[in-house]
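A.B. asks: If you want the building blocks of each chain, they are given just below.
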Amino acid sequence: MGAYVLRRIGQMIPTLAGVMLLIFVLFNAVGGDPALQLAGKITNKEQIENIRKQLGVDQPMYVQLGYFAFEVATGFNCTWRSYTEKPVPPKVDAKADPKVAPKADAPKGGCEAVRSWATNEEVPKILATRIGPTLTIMIPVLVLETVIALLLAIGVAYMRGTLTDRMIMMLCTVAMSISFLVYIIVAQYFFGFKWGIFPVQGWSDNFWKNVATYAPLPVMLAIFVGLAPALRLYRSFFLDEINNDYVRTARAKGVSENMVMLKHVMRNAMIPILTNVGIALPGIFVGSFLLESFFSIPGLGREILVAVNRSDFPVIKAATVYLAMLTMLINLLVDVLYKAVDPRVTFK
Amino acid sequence: MSQIGISHHRKSETPLRAIRSVVGLLIATIVAAGFVMPAFSAPAEKKVVRLAFRAIETGFDPQRVEDRYSVGICENLFESLLTYDWLARPVRLAPQAVEQVPEGEEGGTRFTFRLKPGIYFAPDPVFKGKKRELVAADVEYAIKRFRDPEVRSPYSWLFEDKIIGLDEYVDKIKKANRKFDYDTRIEGITVRDRYTISFKLREPDYNFIYFFAMPNVVPVAREVIEAYGADTMAHPVGTGPFVLKEWVRASKIVLERNPNYRGHKLNTEFADANDSWDQDAIKSLAGKTLPLIDRVEIYPIEQEQPRYLAFMDLQHDYLEETPLAFVQQLMPNGAKGKLAPVLERRNVRMFREDQPEVVWDAFNMDDPFVGGYKPENIAFRRALVHAHDRPSEIKIVRSGQAIVANSPIGPGVVGFDPTFRTSEQEYDPARARALLDMYGYIDRDKDGWRDMPDGRQIILQYKYQANEQEQRQRAALWIKCLAAVGIRMEAQEVQFSDLIKDRKVGKFQMSGIAWIADYPDAQNFLQLLYGPNTDISNDARFKLAAYDRLYLQALRIPDSPERNKIYREMNRLLAAYAPWRYGVHRSFSHFINPWVRGYKKHPILYTSFKFLDIDVAMQRAATNH
Numbered sequence: 000m001g002a003y004v005l006r007r008i009g010q011m012i013p014t015l016a017g018v019m020l021l022i023f024v025l026f027n028a029v030g031g032d033p034a035l036q037l038a039g040k041i042t043n044k045e046q047i048e049n050i051r052k053q054l055g056v057d058q059p060m061y062v063q064l065g066y067f068a069f070e071v072a073t074g075f076n077c078t079w080r081s082y083t084e085k086p087v088p089p090k091v092d093a094k095a096d097p098k099v100a101p102k103a104d105a106p107k108g109g110c111e112a113v114r115s116w117a118t119n120e121e122v123p124k125i126l127a128t129r130i131g132p133t134l135t136i137m138i139p140v141l142v143l144e145t146v147i148a149l150l151l152a153i154g155v156a157y158m159r160g161t162l163t164d165r166m167i168m169m170l171c172t173v174a175m176s177i178s179f180l181v182y183i184i185v186a187q188y189f190f191g192f193k194w195g196i197f198p199v200q201g202w203s204d205n206f207w208k209n210v211a212t213y214a215p216l217p218v219m220l221a222i223f224v225g226l227a228p229a230l231r232l233y234r235s236f237f238l239d240e241i242n243n244d245y246v247r248t249a250r251a252k253g254v255s256e257n258m259v260m261l262k263h264v265m266r267n268a269m270i271p272i273l274t275n276v277g278i279a280l281p282g283i284f285v286g287s288f289l290l291e292s293f294f295s296i297p298g299l300g301r302e303i304l305v306a307v308n309r310s311d312f313p314v315i316k317a318a319t320v321y322l323a324m325l326t327m328l329i330n331l332l333v334d335v336l337y338k339a340v341d342p343r344v345t346f347k
Numbered sequence: 000m001s002q003i004g005i006s007h008h009r010k011s012e013t014p015l016r017a018i019r020s021v022v023g024l025l026i027a028t029i030v031a032a033g034f035v036m037p038a039f040s041a042p043a044e045k046k047v048v049r050l051a052f053r054a055i056e057t058g059f060d061p062q063r064v065e066d067r068y069s070v071g072i073c074e075n076l077f078e079s080l081l082t083y084d085w086l087a088r089p090v091r092l093a094p095q096a097v098e099q100v101p102e103g104e105e106g107g108t109r110f111t112f113r114l115k116p117g118i119y120f121a122p123d124p125v126f127k128g129k130k131r132e133l134v135a136a137d138v139e140y141a142i143k144r145f146r147d148p149e150v151r152s153p154y155s156w157l158f159e160d161k162i163i164g165l166d167e168y169v170d171k172i173k174k175a176n177r178k179f180d181y182d183t184r185i186e187g188i189t190v191r192d193r194y195t196i197s198f199k200l201r202e203p204d205y206n207f208i209y210f211f212a213m214p215n216v217v218p219v220a221r222e223v224i225e226a227y228g229a230d231t232m233a234h235p236v237g238t239g240p241f242v243l244k245e246w247v248r249a250s251k252i253v254l255e256r257n258p259n260y261r262g263h264k265l266n267t268e269f270a271d272a273n274d275s276w277d278q279d280a281i282k283s284l285a286g287k288t289l290p291l292i293d294r295v296e297i298y299p300i301e302q303e304q305p306r307y308l309a310f311m312d313l314q315h316d317y318l319e320e321t322p323l324a325f326v327q328q329l330m331p332n333g334a335k336g337k338l339a340p341v342l343e344r345r346n347v348r349m350f351r352e353d354q355p356e357v358v359w360d361a362f363n364m365d366d367p368f369v370g371g372y373k374p375e376n377i378a379f380r381r382a383l384v385h386a387h388d389r390p391s392e393i394k395i396v397r398s399g400q401a402i403v404a405n406s407p408i409g410p411g412v413v414g415f416d417p418t419f420r421t422s423e424q425e426y427d428p429a430r431a432r433a434l435l436d437m438y439g440y441i442d443r444d445k446d447g448w449r450d451m452p453d454g455r456q457i458i459l460q461y462k463y464q465a466n467e468q469e470q471r472q473r474a475a476l477w478i479k480c481l482a483a484v485g486i487r488m489e490a491q492e493v494q495f496s497d498l499i500k501d502r503k504v505g506k507f508q509m510s511g512i513a514w515i516a517d518y519p520d521a522q523n524f525l526q527l528l529y530g531p532n533t534d535i536s537n538d539a540r541f542k543l544a545a546y547d548r549l550y551l552q553a554l555r556i557p558d559s560p561e562r563n564k565i566y567r568e569m570n571r572l573l574a575a576y577a578p579w580r581y582g583v584h585r586s587f588s589h590f591i592n593p594w595v596r597g598y599k600k601h602p603i604l605y606t607s608f609k610f611l612d613i614d615v616a617m618q619r620a621a622t623n624h
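Line by line, the protein sequences are chains A and B. Residues in the first sequence are numbered consecutively from 0, following numbering that gives the first Met the number 0. Residues in the second sequence are numbered consecutively from 0, following numbering that gives the first Met the number 0.
Isolated chain A, as found in the complex (with noise of 0.2 Å):
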């Protein structure tokens, strides 16, 4: 197994590059210039070329996309700045404020963490602060949409055909039909304002607090709006196992039906069920952004709505680089985990 987790992160490699190419393409070509947008009202040609070069998106094309390359190995930016002058020393000026005492400035050439264009804020920095309340919401919303789900695929699949099983499935149908949006804005007056259930929106430093007073409408709506698609799908994965010979000739030997539903039909069904899982699990990562939006969340969604409407690179790209490093990561996990519910998976 050492080997093939080995050959699969070498593979991981050539693919990061790719995203990586991909990410910078559409960036230069569709994303804008964003000097303008850092400009302000009253602005000029020279200021324009002033921000660009401060950004370092006048270099060409090749140069900025090595600088992106060195940025996503190390977390450090080193095109800033870009002023070659040796430090100016410190003047002693006796008209100024004594108490002001000005340092040389800093040598030239030091390299510094990665920083938001709109804010300055350091990028990991950025990440590290809203991943906190991402998955406060998004890992109740998955542990809990999957075993619900699961629960209740086993149970309309047993009883495939009959009024309750179509009407979960209507139902199902139904609510897949409606956007998440109206859901949000609908839930959050009756259950947030009219009938004063839950807050309206907010978010607190406290952990517990958010669990349990901020966290469960958002969590229920997600649940909500995730169920259906989820409990549909895995339905279909319990109704293929059901049918297979090895179901029938359990039950020919006399094996309790919950013993069949939840050990025989469940543990075949797992598979397809952890791949689905697997392809959900990187979203919890950067959670919701209509959720955190609506909700007044703090998250990674927000940050990068933010960050998308302030045509601020150096976010989008990390949380891009940083998301797609985690599907990678969880594809692998995904694959191992094959080998703990099967045992008939081998790796090659």
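These aren't lab readings, by the way, just hints derived from the structure by calculation. Since the structure is predicted, the reported quantities are computational estimates derived from the model, not experimental observations. One thing to keep in mind: the hints can contain errors.
[What the hints assert, rightly or not] Below, in silico cross-link-like pairs of lysine-lysine (BS3-like), each with a Cα-Cα straight-line distance of 25 Å or less:
1. B:Lys-373 x B:Lys-506
2. A:Lys-52 x B:Lys-171
3. A:Lys-52 x B:Lys-173
Mind docking chain B on chain A? Use the hints.
C.D. replies: Structure of chain B alone, referenced to chain A:
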């Protein structure tokens, strides 16, 4: 007040409340990590104001920020040398960190400011426990920061082509690829003594003093800026009435009183005896040392519904810039009618503010279809203007939250003439058709659409910002209105940065633009049509020698009837040549809960925290905070 009590009674009685606890408990068991729950943050007796901003802030380095919400916070953390009298209307300059408003010397080319002694910066570790007094060198440092290429100030234009020697120095360091040396003496900036600084300008400019009332143009301590380096956005240290106590970016901004702030007394000299807001402010604030508020909690909420509901749910003490989608619910009979019953029961008050700004549609004067200065070109533009149904824009697109613009100058600023009217900007489709017929813009190829007099097909293009509902609606209105007079138009949605770029280089025919006053003088608006500002701020690329001459003439004259006469003449020229379709001056409705005292919105200043008081008992009874 009784209604507020009823509201909470209702909530406490609901049996569904238990659901929250159950769901919360369920989630808590899933999440692995845990923290100790601290006590509720706000001390009981403190006067706390809670409100929402409708956009996310960027940071609080005054020379680096431009968005009005970040600048609004800076307004409370720092002090500009000048400010505006809180109650005076029209707005009136007043000293803040200086002893008096300076008069222009040497024919309006020199301005000298003398700081009040004994103004101290807020405590900060950089000062190593010592009190740090504000000195003239701090003002010099801040002004230089605007022009430091590394600062990338969005307001660097304020000090471009203004102060003698500053442009030359900036050019020199750029050519030599050197850093800005703040110790280099600039000829036009003289620090005369510890408290006095003087600026010498290239040309007379009586509006120069307005710059020093802007919340960006504030002194900063050099050692603080140098100590925090690239993190100055998160470490604002000023002499203003508040300090930044807590900042969770895009989520929560907490201000608390600056212990080193010397206090401020409300000036009631210019209050309007017939204005109930002024009288309330006097009753609540007069004679007291401001600020009275201990803590301000600001929550940036971009989405309209949660911002509205947070106010309705009493989470926030007032709602500023009410979302258009909810204006009808709060004022069912329009701005002049009564408030919705739920607000009346709560004794909520509404403050309506006509913004010192203008929204317009620019014609590209260099364009072969909509541009030009010949009579037939002017007639074509005027026809387009007459065809545009501006009343519908106000009623439908803006839910009545706007007034008609008759000039490019925003209301409430010096030089704004409320009596100036022009029939050339009225909605009159019959007149539009007549003008088009008269000047030969008729359907020559019988395809149902009008053509140019020389036979070229007319397909006008309207560019607007992508993902902006208001702009999309305005574009749709233009298409509909022009189709009604036989002119074909297409709308093109483009990304914000591309739209700016296209406008700067004249790659558009028509486009909607807005401008909010940076300082309250008509010149701030009229420069948008000054010929030499083409490629800078004159997006219409309007170049008229007579207008440019008047513009320069006005700059050399202080506020006076003579200058107003020049502004009026400039307005006449604009009405005649029609480089813009004047749109509207937007209005905002602000809703204030009854325990908020002294509230009044200033047209230029962004926030009012310094001039607020809270009836804590009433607030607590209503909100349970």
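A.B. asks: Compare the structure with each hint and give your call.
C.D. replies: The hints, checked one at a time:
no.	hint	result
1	B:Lys-373 x B:Lys-506	21 Å, holds
2	A:Lys-52 x B:Lys-171	17 Å, holds
3	A:Lys-52 x B:Lys-173	11 Å, holds
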